[in-house]
Amino acid sequence: MEEVTTYSTDNIIEIIGLKKSFGKNCVLNNFNLNVKQGENVVVIGKSGAGKSVLIKCIVGLMVQDSGSIKVFGDEVSKLSHDDLDVMRAKVGFLFQSNALYDSMTVRENLEFPLRRHWIKSTKENIGDLVMEALTNVGLAETINMKPAELSGGMKKRIALARTLILKPKIILYDEPTSGLDPVTGKEISKLILEVQKKYNAASIIISHDLNCAKITSNKIVILVDGTCYAMGTYQELSASSDKKVNQFFD
Amino acid sequence: MKYAALKFFLLETGNIFRFAIRFFKEGFKPRYEFAEFLKQCYNIGNTSLPIVTTTGLIMGLVITIQSHPAMEAFGTESWLPSIVSVSLVREIVPVITALICAGKIGSSIGAELGSMKVTEQIDSMEVSGTNPFKYLVVTRVLAATLMVPLLIVLSDTISLYGAFIGVNINQIISFHLFANQVFQKLSFGDVLPSVIKALFFGFAIGIIGCYKGYNTQNGTEGVGKAANSAVVISTFVVFFIDLIAAQIADILHIL
Ligand SMILES: Nc1ncnc2c1ncn2[C@@H]1O[C@H](COP(=O)(O)OP(=O)(O)OP(=O)(O)O)[C@@H](O)[C@H]1O
Ligand SMILES: [Mg+2]
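Protein chains in written order, with the working numbering: chain A, 1 to 250; chain B, 1001 to 1255.
To spell it out: a stretch of chain A is covered by chain B in this simulated footprint if at least three of its residues, at any positions, have a beta carbon under 8 Å from a beta carbon of chain B; those stretches are:
1. 82 to 91
2. 94 to 102
Result set (SDA-like, lysine to any residue): computed pairs, CA atoms no more than 20 Å apart in a straight line:
3. Lys46(A) / Cys228(A)
4. Lys146(A) / Glu1120(B)
5. Lys167(A) / Asp85(A)
6. Lys1134(B) / Phe112(A)
7. Lys1025(B) / Asp85(A)
8. Lys1025(B) / Asp82(A)
9. Lys90(A) / Phe72(A)
10. Lys1134(B) / Ser103(A)
11. Lys1025(B) / Ser80(A)
Negatives, chain B to chain A, calculated, CB over 10 Å:
12. Phe1008
13. Gly1027
14. Thr1054
15. Phe1175
16. Ile1251
Since the hints were made in silico from the structure, they are not lab data. Just so it is clear, CB atoms sit at the ideal spot from N, CA and C, and this is done for glycine as well.
I would like the entire structure built from these sequences, with the hints used as guidance.
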């Protein structure tokens, strides 16, 4: 059963004054961002700008130094372990490094997020879900392979399938199209768009791929020096005369 | 600077104890990862079987052959089976087997968890709603605690057979007579302490391997270091536990 959501007008992710540093290295400094239900936000920034750190803070894998992150209206850093777990079930996270489990087959990798104790799926049901997720990324034939037997791009797509298998309400993609050829990259971008429409999901997409940004984004955020330097649609930003913005669109 | 090494040692010891306490805190709360526990038991037990049995046989054989001349000199040759079997079962086989397990199990756990850590697989489990400490650490520590004693008991048995072969090199003795002589001296009171000791060996090997792997840092370089220091520390701890066990047994007069 689909639950009735109450965030249709409110911000599903709300980040205010986020600050995170590692020792003396201040990565995020007073970063603000709002994401609405059904909205795709693309985050662009230089390597090492703190994009991955940002989305890790959102799921509570890292804890911010100060500032507030609200997901579904709850402050992430104040959630109990169980509540965090419930929140994470509604959030899909694609790791930049894929983070597929080496010791498991593709099937077991995809089944892993379904192990949550409150998901009472039957055996066939799980099989169907796995098959559906694999077909979405066009890799149904790899179901019994180990990650080591897959190419880099295939790993990325399997990781994407694993991220989407629970039909999350929020999806955080860390470079979903890096390492893919332009054709597959485009397919993945379209898949992201399709997922957004089908599940009315909100996404943060970290990408250097302008094509992907163009296809998927409702809004683009440019992350410079730890803050949200510029925000706007693809058309607005690509026409910008600001040098720091422009450099990303050449 | 002078005390840096000492400080590091104390910190590390404290952290390992904290890790062990976390094991007891999280290990007994549901949900239990039973399937993964069985898989780890199979991994640890099955892969260590060939090396543990071979070394068990060789230990029994070698200790018997080497003890023979000395005992012959004192004219106590007929005591050979009983003396050798007691020292094998009480001390030599448990410690040597535990050292082999420290090398084999400690390094494999350290390297596996270490590479899972640096490739973000542990983070990935966390966002997938599975407690990685329970799924990875608790199962492996329990499996090591169960399997190391079983391997040691098996190795004990095989080393006795090795001793039988060793005795037969110099004299002909039936297996029946040999067994009779062995069990005149070797009693349950010898086996039980060594099994209890083995439980601690297994637990220490599991905890240290997991601690090192779970806290790996600095990418692939860290994985090698994690595996390496898991072996070094657990080897040391095996000897340390052995020392403590000998003292306790001495006080209780059971060894
Ligand atoms: N665990 C960590 N410990 C210390 N510093 C870290 C850690 N994780 C990230 N950093 C630092 O935070 C900064 C931002 O890292 P992050 O991974 O977010 O970059 P990124 O924007 O995702 O870059 P890329 O596009 O290359 O993936 C870097 O300077 C990095 O050194
Ligand atoms: Mg990154």
